[in-house]
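Asker: Here are the chains, one letter per residue:
There are 2 protein chains.
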Amino acid sequence: MTVLAIVGATGAVGSTMIEIIDARESVPWSEIRLVASARSAGKVLKVRGEDVTVRLLEPEVFDGVDIALFDVPDEVSAEWAPVAASRGAVAVDNSGAFRMDPEVPLVVPEVNADEAANRPKGIIANPNCTTLSMMAAMGALHREFGLTALVVSSYQAASGAGQGGIDRLQAELSAVAGKDLGSRSGDVAEALADLPDESPFPAPLALNVVPWAGSLKDGGWSSEELKVRNESRKILGIPDLKVSATCVRVPVVTTHSLAVHATFSREVTVEAAHKVLGAQPTIVLRDDPAAGEWPTPADAVGGDPTVVGRIRQALDFPDTLELFVCGDNLRKGAALNTYEIAETVAATL
Amino acid sequence: MTVLAIVGATGAVGSTMIEIIDARESVPWSEIRLVASARSAGKVLKVRGEDVTVRLLEPEVFDGVDIALFDVPDEVSAEWAPVAASRGAVAVDNSGAFRMDPEVPLVVPEVNADEAANRPKGIIANPNCTTLSMMAAMGALHREFGLTALVVSSYQAASGAGQGGIDRLQAELSAVAGKDLGSRSGDVAEALADLPDESPFPAPLALNVVPWAGSLKDGGWSSEELKVRNESRKILGIPDLKVSATCVRVPVVTTHSLAVHATFSREVTVEAAHKVLGAQPTIVLRDDPAAGEWPTPADAVGGDPTVVGRIRQALDFPDTLELFVCGDNLRKGAALNTYEIAETVAATL
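First to last, the sequence lines map onto chains P and W. Per my numbering, the first sequence runs over residues 827 to 1175. Per my numbering, the second sequence runs over residues 827 to 1175.
Do not take every clue at face value.
Since the list gives no way to pick one copy over another, a pair counts as held whenever it fits inside one copy or between any two copies.
Said to hold, decoys possible - Within a straight-line C-alpha distance of at most 30 Å, the following computed DSS-like cross-link-like pairs (lysine-lysine) qualify:
hint: 1; residue 1: Lys872; residue 2: Lys1005
hint: 2; residue 1: Lys1068; residue 2: Lys872
hint: 3; residue 1: Lys1043; residue 2: Lys947
hint: 4; residue 1: Lys947; residue 2: Lys1101
hint: 5; residue 1: Lys1043; residue 2: Lys1101
In case anyone wonders, no lab produced these hints; they're calculated from the structure.
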């Protein structure tokens, strides 16, 4: 009689969560409760073939809930995850509100599942989608070779900004399609002049890349870049891991890609990395350039595994690999990992 | 009475070359000769207001030519640049045929203009467009702080593959626009099924990023990635510069972007880097995230300067900066730099 609640059930990640639940052969839940803000409460969604009416987010909605998954803005999580916990639920939160709280574990089941049991606040955090995209691979390589440093550049999809990000990219693509654009400064921006001013992105995304995600932090860093650093350290349990990230939005609907320069404390070869990564159940290796095989978002999207390829031994940096990683930011990067944490917790209840 | 020839005048780079020449207040040429293969010979193009008939590429076309610019495939350059040189012209070649030849200088005028005089074969090479996009910035920073290592991830535009690359990206964008695509594996590829099989790209580029450019080399490296390493070393005159590059194609028409992690032998701060880069005539700094200012291809395209921003001091790597650089790959990355080499040489004739 385990009851699951999904808060933010009608958003981009919430919808993916329901897809994942629908696709599971069996689930440990006696009830799945969908919860959203007043704007979406009352909607009826199908979950595993049954109609479920979306309920309003209020304290009583958590009564009898064992595990409550949150995919809502930071400030909503900050307020409501403790409410769920106070009513006896384990809150698994995908916002940034609790990730760096020392009393909240930050969990990627294939890397640090044990941490899920250590939750003094009754809250477990799900990592940022950019960090998550490389964690299965980095966790496996770290166990074998001892990770010491990461230099990361991201190629982040529009859906990292939610359904609004997807809608905006598609509107922008329709506005530029069939036009001879992209070879004069500002002509893409001009072509988008008829779209609404408000965009989830701070610059045109169609025919462009935008080296900015999140808010401005000290030293010119974006919040997204610091999340990659701080969350990687916490998940991998390497407090002094050296990390530099540059986060860039690209005109892809869903699936974040990362170019990773990873340095280890022990000798590492491409063959050894292939062996380690190939043995992971949640990783698919696509690494045969001669056969046209490497990871791309268009192939990786919609799947659960992290796709890894382009593994090369750095020519000039000792004990260092270059690799390219693609992960569906709505699935492993958000809904799937959150749900896997819930399954991990449910197994112990 | 200095005569200039442009070989490959009708391609994407050749057309940009003519635009650049048209925009110059004055030119040192008494004649500008346009040259192309049989497919394009006989066409009439306007250059600085005058009709010029494109001539066939044959040995006699170089008679009387002082400087011959080549923008043609490697094998055409390999055959014809020496022919031009043997007839007395200085050949300035934008192919990969001669770049790593120790008897051929590889020139970026603001970095190593002096090298242009040292041309025992009568040939000067223009660097690869990806390398070139960061050379003005890296040259200036190296002079001041002593560059020792580069980790680079590229966001390369379709026009790096010529006019065919531009045409393909636009056809792909038209095929995906207005459709709900990009969230299921393979749905972008399906939407492109009606396009011709032959593409300059080895995977769909619309709604995608493709971590491959060039041909396969030892160790799983792409030729493009090794060019970034080897050409950076040669241009900057640092034979032991440590370089790792990951080259990725993105759905942008024109302008390559690079995320650069640069390590120096001397102490470097963001302020000092701003001062050095801000003083360069061929660099525009856009580095004020609070005001929404950072480099993007949509802004940088069509301009001569390299646009540099997102400069951050690495938090965990000593004497290291992160930066983001955008350069028009058809202009500074190809036609402009080639033409600037020609101007440098013309001034000495």
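Asker: Next, verify each hint and record whether it holds.
Answerer: Against the structure, the hints come out as follows:
1. Lys872 to Lys1005: Classified as between; 24 Å across copies, 40 Å inside a copy.
2. Lys1068 to Lys872: neither (45 Å within a copy, 55 Å between copies)
3. Lys1043 to Lys947: within (27 Å within a copy, 53 Å between copies)
4. Lys947 to Lys1101: Result: close neither inside a copy nor across copies, 39 Å intra and 48 Å inter.
5. Lys1043 to Lys1101: The answer is between: 22 Å across copies meets 30 Å, while 39 Å in one copy does not.
In terms of the numbered hints stated before, the structure departs from hints 2, 4, listed from lowest to highest.
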